[in-house]
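Student: Protein chains in written order, with the working numbering: chain A, 2 to 326; chain B, 2 to 312.
Any given hint might turn out to be false.
Okay, the calculated bits of chain A under chain B, using three or more residues with CB under 8 angstroms as the criterion [stated by the list, open to error]:
no., segment
1, 4-10
2, 100-109
Okay, derived cross-link-like pairs now, SDA-like style, lysine to any residue, Cα gap no bigger than 20 angstroms in a straight line [what the hints assert, rightly or not]:
no., chain 1, residue 1, chain 2, residue 2
3, B, Lys-133, A, Met-219
4, B, Lys-133, A, Leu-201
5, B, Lys-247, B, Gly-284
6, B, Lys-299, B, Thr-250
7, B, Lys-299, B, Ile-203
8, B, Lys-247, B, Glu-223
Don't read these hints as lab results, they were simulated from the structure. Where a beta carbon is used, it is the ideal one built from N, C-alpha and C, also for glycine.
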Amino acid sequence: MRREGSPFTGLGAVFLKEYADHLGSARMRVLEWLVVLSGIGVVAVAIITLRETVTRDQFLFLNLFLYQREDSAVPSLLSLLSILIPLVAIGLGFDAVNSEFNRRTMSRILAQPIYRDALLLGKFLAGLCTLGTGLTALWLLVVGTGLLTMGVPPSGEEVARSLAFLLVAIAFAGVWLAIAMLFSVIFRSAATSALCALGLWLFLTLVWPILVPVLVPMVATPDPLAARFGLLSDSQVEWYLGLSRVSPASLFADASLAVLQPDPNMTRIPTLGMLGQLQGMVRGAALPLNQSLLLAWPQITALIAAVIVVFAITYVIFQRQEVRA
Amino acid sequence: MAEIVIEARGLRKDYGANAAVAGIDLDIHRGEIFGLLGPNGAGKTTTILMVLGLTESTGGTVSVLGHDPVRDPLAVKRRVGYLPDAVGFYDNLTARENLRYTLRLAGIARAEAERRIEEAMARVRLTEVIDKRVGTYSRGMRQRLGIAEIIAKRAEIAILDEPTSGLDPQATFELLDMIRDLKADGVAVLLSSHLLDRVQSICDRVALFSRGHIALQGTVKELGQQVLGAGHAAHVEADGADIEAKLRTLPGVQRLEREGRGWRITADRDVMADVAQAVVGGGGRLQRLAAAEPSLEKIYARYFEEHQDAA
Ligand SMILES: Nc1ncnc2c1ncn2[C@@H]1O[C@H](COP(=O)(O)OP(=O)(O)OP(=O)(O)O)[C@@H](O)[C@H]1O
Ligand SMILES: [Mg+2]
């Protein structure tokens, strides 16, 4: 059935209210401190060690995001973020829609001349902007700290690469925000919704990586020749990669490494070596920025596609819900 | 007759095999207060949701100010105010901020909205607490804030679901007064309630719901005539010997019941003059004589005594 009027009427109003709510909320302050403090801690450790090992690295600044000492339990900023971002995104989204029902404001708001589209999209964009604000602040903090302590300004390419990383991080945050909002539409109880979102996150982070090696032999066709040498067949490698990329965290890690790590031998993306050869690169030489972006592109689009798909599912479910409260 | 603002024809809503609303016809005119009355689960809220376009009907048509609430919901919602059952506000925001948000959603410009908020809050006597967080509001104050929202929106139709539920008698009285004020502004009010006697006094017309059907529709007086079978009811208080016997034998009187300190007379014609004469002529003292509205409660009870299978 055709509807009259724009689906985006009221989008701005919803966005501004939700954004102000997020920024002013105690919950956001707690999450922000959590991110900032742990981020600072990790970066401080990186800086201290990086200053000791006086290597003339072309990409000293990018090391701030990636650095991890092999014998240390302190994670790199990248791995820290791949844990914290889903946590914060779930924290912002798990009660986005059901709280309106529980506060009994939903029917009053939907009795105003707006479509549900505007309410849902406004809430999503407000959450995403809040996450973007927080991540940008953290980015500035890292770059600023690096500038003050290392005494060398970052090169233009380093700034561009770290900005690309910021965008990848925001896309990753968007995926988890959309997932959290999906649960907030499905479940009327905020606790159930939070539990399910966190459960899915734990499953994808802890259980899935263990499960993938178990699943691969069941679905992939083995290659007897490769098996004799204890190697994986082509089909097995493909399944392995495909299955592990179901987890947004692995998409995020791949894309981030591709943009933050110009040296293709250091990254764990297998297509990289091949690509390097195709471009006639010398081993050990750094990829130019546009090549790195090209490399990260499939992962980035997959993240964005995931956001859109999850949001669309959320939208369809929300549209069919009866509003009695 | 005034313009019809809400028109429903054969409107129905089925939940699986259950019909929450089983084909109803309604006409609501500009500037009247129309009551949807009936017990819990009768289908009042469902009807309201279909009028607002918050729920899609499974049959029949409804038109609000000439628009279809499902096809053209924005046009309807722009001109209709809604106070849901057990209304909620954002407790962490002040009343002013809450209204500011809804008026923004309604597309009203900032300066105009500020003016309307002040004015509406004054109308519902909440000016003093306008900058207090709604979390500190009592039930009655929230309900009034809901009315203020409708006033500020300049709605042409106000739809109130159980506006008096959970309110004490004083708060109910005040709220009913505010609803009358809405009517005075020319707003058509559609309200639902299961407390028949509370809203009887302010409704111009009512529809009595029962299990998804409208059992009766019309003014309270019409319903009284239809169901109680008597055109006229009066309340008499008088002192004197044998008043009761005298009243009972008056021509036209059908029933005589004790009511409060006097009697309630039901007759097939206007017997007020005869009553007065009978009392005074018999040497008694007439304390009070008033035409009594038939009580909705009674109409309802009687109707379902007679139509048990229909219910
Ligand atoms: N989502 C639903 N699924 C199935 N049945 C429903 C649903 N919502 C309402 N009903 C049924 O529809 C009927 C009408 O409900 P409705 O809320 O309209 O009643 P009401 O007259 O407003 O009652 P109350 O005075 O309790 O508010 C009830 O019998 C209820 O059980
Ligand atoms: Mg109801």
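Student: For a C-alpha distance cap of 20 angstroms, please report whether Lys-133 of chain B and Leu-201 of chain A respect it.
Tutor: 40 angstroms, violated
Student: Between the alpha carbons of Lys-247 of chain B and Glu-223 of chain B, is the straight-line distance 20 angstroms or under?
Tutor: Roughly 28 angstroms separates the two Cα atoms, so the pair is violated.
Student: Would the pair Lys-247 of chain B and Gly-284 of chain B pass a check requiring their Cα atoms to be no farther apart than 20 angstroms?
Tutor: 12 angstroms, holds
Student: Is it true that the CA of Lys-299 of chain B sits at most 20 angstroms from the CA of Thr-250 of chain B?
Tutor: Violated: Lys-299 of chain B and Thr-250 of chain B sit about 24 angstroms apart, past 20 angstroms.
Student: Need the status of pair Lys-133 of chain B, Met-219 of chain A: alpha-carbon distance at most 20 angstroms?
Tutor: Judged against 20 angstroms, a Cα distance of about 63 angstroms means the pair is violated.
Student: Has the segment 100-109 of chain A got at least three residues whose CB is nearer than 8 angstroms to a CB belonging to chain B?
Tutor: holds (count 5)
Student: Hey, Lys-299 of chain B versus Ile-203 of chain B, does the alpha-carbon distance stay inside 20 angstroms?
Tutor: 17 angstroms, holds
Student: Do three or more residues from the segment 4-10 of chain A put their C-beta atoms closer than 8 angstroms to C-beta atoms of chain B?
Tutor: holds (count 4)
When each numbered hint is compared with the structure, violations occur for hints 3, 4, 6, 8.
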